[in-house]
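K.L.:
Chain by chain, the residues run as shown.
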Amino acid sequence: MKNKDKRPFNKDILVIEDIGAECERIVAGIRENVLHRLHRIGGVIGISGGIDSSVSMALAAKALGTENLLGIMLPEQDSNGDSARFAQKLANKFGVKAITENITGALKGFGCYARRDEAVKKVLPEYDPDRYKMKIGISSSGLYTNLPPLFSLTIVDSKGNQQSKRLPPNELRQIEAASNFKQRCRMSMLYYHAERLHYAVIGTPNKHEVEQGFFVKNGDGGSDVMPIAHLYKTQVYQLAHYLGIPNEIIDRTPTSDTYSAEQTQEEFFFQLPFQQMDLLWYAFKNKYDPQEVGSVMDRTIDEIEKVFGGFERKIKTTEYLRMPPLSF
Amino acid sequence: MEQDVLTINQKVNQYVLQHTFAENHKIQDDTLIFKEGYFDSMGFIMLITFIEEEFALKTSDSDLIEENFESINAITSYILRKKTKI
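These protein sequence lines map, in sequence, to chains A and B. If you're matching positions, the first sequence starts at 605 in our numbering and goes up one per residue. If you're matching positions, the second sequence starts at 248 in our numbering and goes up one per residue.
The list that follows gives simulated cross-link-like pairs (lysine to any residue, SDA-like), each with its CA atoms no further than 20 Å apart:
id, chain 1, residue 1, chain 2, residue 2
1, B, Lys273, A, Asn750
2, B, Lys258, B, Asp277
3, B, Lys305, A, Pro772
4, A, Lys889, A, Ile617
5, B, Lys282, A, Leu751
6, A, Lys769, A, Ser864
7, B, Lys282, A, Gln895
No lab work stands behind these hints, which were simulated from the structure alone.
Whole structure, please, built from the sequences with the hints as guidance.
P.N.:
As structure tokens, this is what we get:
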């Protein structure tokens with residue numbers, strides 16, 4: 605190991621030792637950036653009832669004051685009803701004003717559902733959005749190979765019967781592009797309220813989402829400040845406990861809440877439970893020896909090297925998402 | 248047969264060079280194109296689609312292993328084996 609100060613890799617390596625100090629640091633950062641760098645007088649934040657937006661909202665409330673923060677629930681016809689319920693509970697607990705902006709109409713105007721369903725039917729012709737729910741996902745079997753995972757389409761009928769098929773590129777792109785209207789509509793609505801109130805938009809992605817490219821460019825990736833973008837998901841949960849986020853939100857399995865069928869973030873993108881993903885990503889970013897990592901994670905050196913290779917590929921192939929517009 | 252190999256290899260080579268994240272001169276026929284991270288998920292499914300359409304064959308899920316796709320040479324061999332079975 606080149607860095608003699610580097611701690612031995614272990615499963616508790618991501619625990620924030622002084623959680624209070626970290627909270628205060630983030631709160632000060634939000635305040636400084638919103639008020640003094642962006643010259644805005646408050647913040648708007650999209651709240652989904654998920655862990656990331658809940659923690660971000662609690663931090664923003666501390667930083668800006670509840671009277672200067674607006675929580676916005678942005679459901680659409682495919683949203684899980686729990687999302688709005690948990691988001692409202694969160695807002696109530698922290699005394700933050702919350703409003704609902706249903707974006708279904710806007711999405712219909714863009715043809716979001718029709719364009720998505722057209723592509724779904726090309727792959728599975730029996731698909732009928734009134735009878736089936738749908739989702740796309742990747743297989744976890746691809747994690748310990750150098751081949752990138754392939755996406756498959758799954759439709760589920762009312763009895764829970766599923767059909768899945770590998771997604772060809774044209775249909776995959778159309779489904780993703782159509783679905784991305786959702787995040788971009790939400791971003792537009794957040795900026796409407798931010799500009800109306802002279803507020804900043806508080807973004808909610810965590811470290812994985814930013815660095816691995818699990819966001820929509822100019823969608824949920826579009827905001828003015830990102831208070832938890834430096835935190836691993838494990839650390840976001842640690843903050844959630846410290847900040848008093850309701851247990852129902854902490855106990856929820858992270859979902860994408862993008863497609864009509866239930867789908868976890870693990871099956872859509874990350875391929876691993878976040879606790880394992882966090883440790884492996886930390887090891888990769890901090891250049892730990894695969895042998896040391898493998899012994900802690902109970903994996904072979906070859907498996908760890910393949911996971912690290914997959915991380916490198918993700919960084920490389922999602923770089924364009926993080927790029928600002930290019931000028932020359 | 249030798250002609251087949253050459254033609255397939257050239258077509259795969261041309262496709263890979265045109266669709267990769269890497270600078271072209273870095274890719275040789277035996278370069279491990281997936282280990283080097285030159286293709287993402289979209290690139291992989293596009294490569295599969297190219298192979299299926301260009302060489303009129305069907306890839307099954309059990310074909311999607313590293314040994315069949317790790318390099319231009321491996322892909323060429325895979326296509327030849329599949330075509331021989333047709």
